[in-house]
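> Please build the complex by placing chain B on the supplied structure of chain A, with the hints as guidance.
Protein sequence lines correspond, in order, to chains A and B.
Per this note's numbering, residue 1 is the first one in the first sequence, and the count goes up by one each step.
Per this note's numbering, residue 1 is the first one in the second sequence, and the count goes up by one each step.
Quick caveat, the hints were computed from the structure, so don't treat them as lab data.
Please note: incorrect hints may appear among the correct ones.
[Stated by the list, open to error] Label pairs and their calculated CB-CB ranges: (1) B:L18 / A:V236: 20 to 30 Å; (2) A:V22 / B:E157: 40 to 50 Å; (3) B:S260 / A:I5: 54 to 64 Å; (4) A:P229 / B:L18: 25 to 35 Å; (5) A:S140 / B:L131: 49 to 59 Å; (6) A:S193 / B:D247: 47 to 57 Å; (7) B:A81 / A:V149: 54 to 64 Å; (8) B:L18 / A:R224: 24 to 34 Å; (9) B:E86 / A:L196: 21 to 31 Å; (10) A:R129 / B:A121: 37 to 47 Å; (11) A:P229 / B:R20: 31 to 41 Å; (12) B:G152 / A:G124: 37 to 47 Å.
[Claimed, not checked] Covered, in the sense of this in silico footprint (three residues per stretch, anywhere, with C-beta under 8 Å from a C-beta of chain A), are these stretches of chain B: (13) 86 to 99; (14) 113 to 124.
Note that the Cβ used here is the ideal one computed from N, Cα and C, for glycine as well.
So the chains spell out like this:
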Amino acid sequence: MQRYILQRLVQGVILLVVVTSVVFFIGRMTGNPVDMMLPEDATEEDRQDMIERLELDGSVMDQFGVFIVDAVQGDLGTSIRYRQPATDIFFSRLPNTLAMIPPAMILAIAMAIPLGILSALRRGGIIDRISATIAVLGISTPNFWLGIVLIYLFSVTWGWLPSSRMGGPLNYIMPTVTLGTFLVAGFMRLIRSSMLETLDSEFVKLARIKGVSETAIVWKHCLRNALIPVLSLWGVFMGGLVTGAIVTETVFAWPGIGRLTYEAVIFRDYPLLQAVIIMDAIFILFINLLVDILYAYVDPRIRFE
Amino acid sequence: MDSAPVLEVRNLHTHFFLRRGVVKAVDGVTFSLKRGEVLGLVGESGCGKSLTALSILRLLPQEAARTVEGQVLLDGEDLLAKSAGEMREVRGQRIAMILQDPQTSLNPVFSIGNQLHEALARRPDERGRSLRERAVDVLRQVRLAAPEQRIGQYPHELSGGMKQRVVGAIAISCAPEVMIADEPTTALDVTIQLQYLNLLKELQTSLGMGILFITHDFGVVARMCDRVAVMYAGRIVETGPVREIFDNPVHPYTQALIASVPKLRDTAERLRAIEGQPPALSDLPVGCRFADRCPHAEPRCLEKYPEAVSVGENHTASCWLAA
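One chain only, chain A, in its complex shape (with noise of 0.2 Å):
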């Protein structure tokens, strides 16, 4: 196990530097920050002043030298925008966008369990099909649109929740039920799928030949076994969420990682967008990691060699 971590660890660095290395010479693709700072009728000498204010000057690959010996040391650069480094406005933003997540999830994992499973006990009874409606409409409303809709009838029309920004409990309403739609109907169908199949084995054959309750059937021998293939969409999941939903903290305005990110791309800011990836891409490693652990503890079968 141990040797195990070791080595997912020793991958997960390998990993980095390409991820900095790609994010660092595509950043520079997108175009020149300074056009975007510097009024129209700027001088030549006042642009050369902030390139050289912004370390820009020196050749892409000078400039990546001395990104790599800083980003070793822990500094990731400093925000153009914010003029603050930009590894503490990551970490200023990030408490914003994993305070979505519980709500979320937990709204998500809340509807799908029992969805996914009663749906699977009465195939094509009523709550089946009602579970089925959900879950495509879950799959197919798109973000941005869900989010502009509960704005519009909850905060313009109706006026009983505050469409934008962090505050109270009300402000979570919203953002939650938007990300939550969409996480509920990959749960659901995947859980009654696995459900179905579990129902299905021999294992719950001798379990009901054993005289084991149906009640411990599916909550004991299935559910855990079900499980399973769960556990691995959750991680997919939790990755996006972490790295915060850009559409929905977009249209609500919520200032976390999602927000962060649509900022630093499009005002230029290389340092900050760089440092998002690469936190980004070292909390989906862990994440991975997580869930792997937490498949040995779930099935049996799964030894680390």
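Chain B alone, transformed into the frame defined by chain A:
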């Protein structure tokens, strides 16, 4: 061995109600199992053997399957008349069952001990042992080596033969009156099949269970069973003591089955197969179901189903030739 039957199945009908029609998979099966007896239920795939077993336990595989007629008497009580809750008390405690494939019949995510405890916990121990002690004991009874270590292990850490011993241990954990063994050795390596059969025989003798032994293999029947019931297309066509059936098979289907068992002596001869296919269970003929494959078929065989007639001591057959 002329004691009262522990399990009696009378005129059992289990049908599948499908959109394309009714499939009469079990269509009037009658047999009885005496205490401490091994009854072989023999027939080719799809003849309704396994469905008969599942009908007895009332664990039909699909919603479309229903037992529509008949009685299943356990010590004289009709299981088909019991409530779902009462039926759960019967399963595992009074009737146990061993499934065919040990690779799939244990839950992969729970330890052997956990899966044994579920069965053991249903009956309090008269000697006051802990669940763990009882689990070790019952694994010892099925001759699994190093039982103390096994209970902490998971199914994937055991071989197929070991897993089938665990399934056997689960089956005997509540000292059932009846054990149903549904082709318990078919999925095992040939080298360990014999060991497993010997184990079952030994357990049956020491625990005094009646075993309903489902198989398609007459060689296994000869080794294991006291009596045999031959099933064809949803019905029992011949019943009798094993010796009698082997020496003097009356029904042409039984004769053909016994003839198809390869013998070591006639190596040069081709294996004998029964020509043709069994009838579709959704469209059964009115007469004898074996008639169109039978070398001795007469016109009356096609017109009317032959009722079972006695052809010897404890030996009955459903064939016009015997009538």
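> Compare the structure with each hint and give your call.
Now for the hints, and whether the structure bears them out:
{"no.": "1", "hint": "B:L18 / A:V236: 20 to 30 Å", "verdict": "violated (39 Å)"}
{"no.": "2", "hint": "A:V22 / B:E157: 40 to 50 Å", "verdict": "holds (43 Å)"}
{"no.": "3", "hint": "B:S260 / A:I5: 54 to 64 Å", "verdict": "holds (59 Å)"}
{"no.": "4", "hint": "A:P229 / B:L18: 25 to 35 Å", "verdict": "holds (31 Å)"}
{"no.": "5", "hint": "A:S140 / B:L131: 49 to 59 Å", "verdict": "holds (51 Å)"}
{"no.": "6", "hint": "A:S193 / B:D247: 47 to 57 Å", "verdict": "holds (54 Å)"}
{"no.": "7", "hint": "B:A81 / A:V149: 54 to 64 Å", "verdict": "holds (57 Å)"}
{"no.": "8", "hint": "B:L18 / A:R224: 24 to 34 Å", "verdict": "holds (33 Å)"}
{"no.": "9", "hint": "B:E86 / A:L196: 21 to 31 Å", "verdict": "holds (29 Å)"}
{"no.": "10", "hint": "A:R129 / B:A121: 37 to 47 Å", "verdict": "holds (38 Å)"}
{"no.": "11", "hint": "A:P229 / B:R20: 31 to 41 Å", "verdict": "holds (34 Å)"}
{"no.": "12", "hint": "B:G152 / A:G124: 37 to 47 Å", "verdict": "holds (41 Å)"}
{"no.": "13", "hint": "86 to 99", "verdict": "holds (count 9)"}
{"no.": "14", "hint": "113 to 124", "verdict": "holds (count 3)"}
Of the numbered hints stated above, the single one contradicted by the structure is hint 1.
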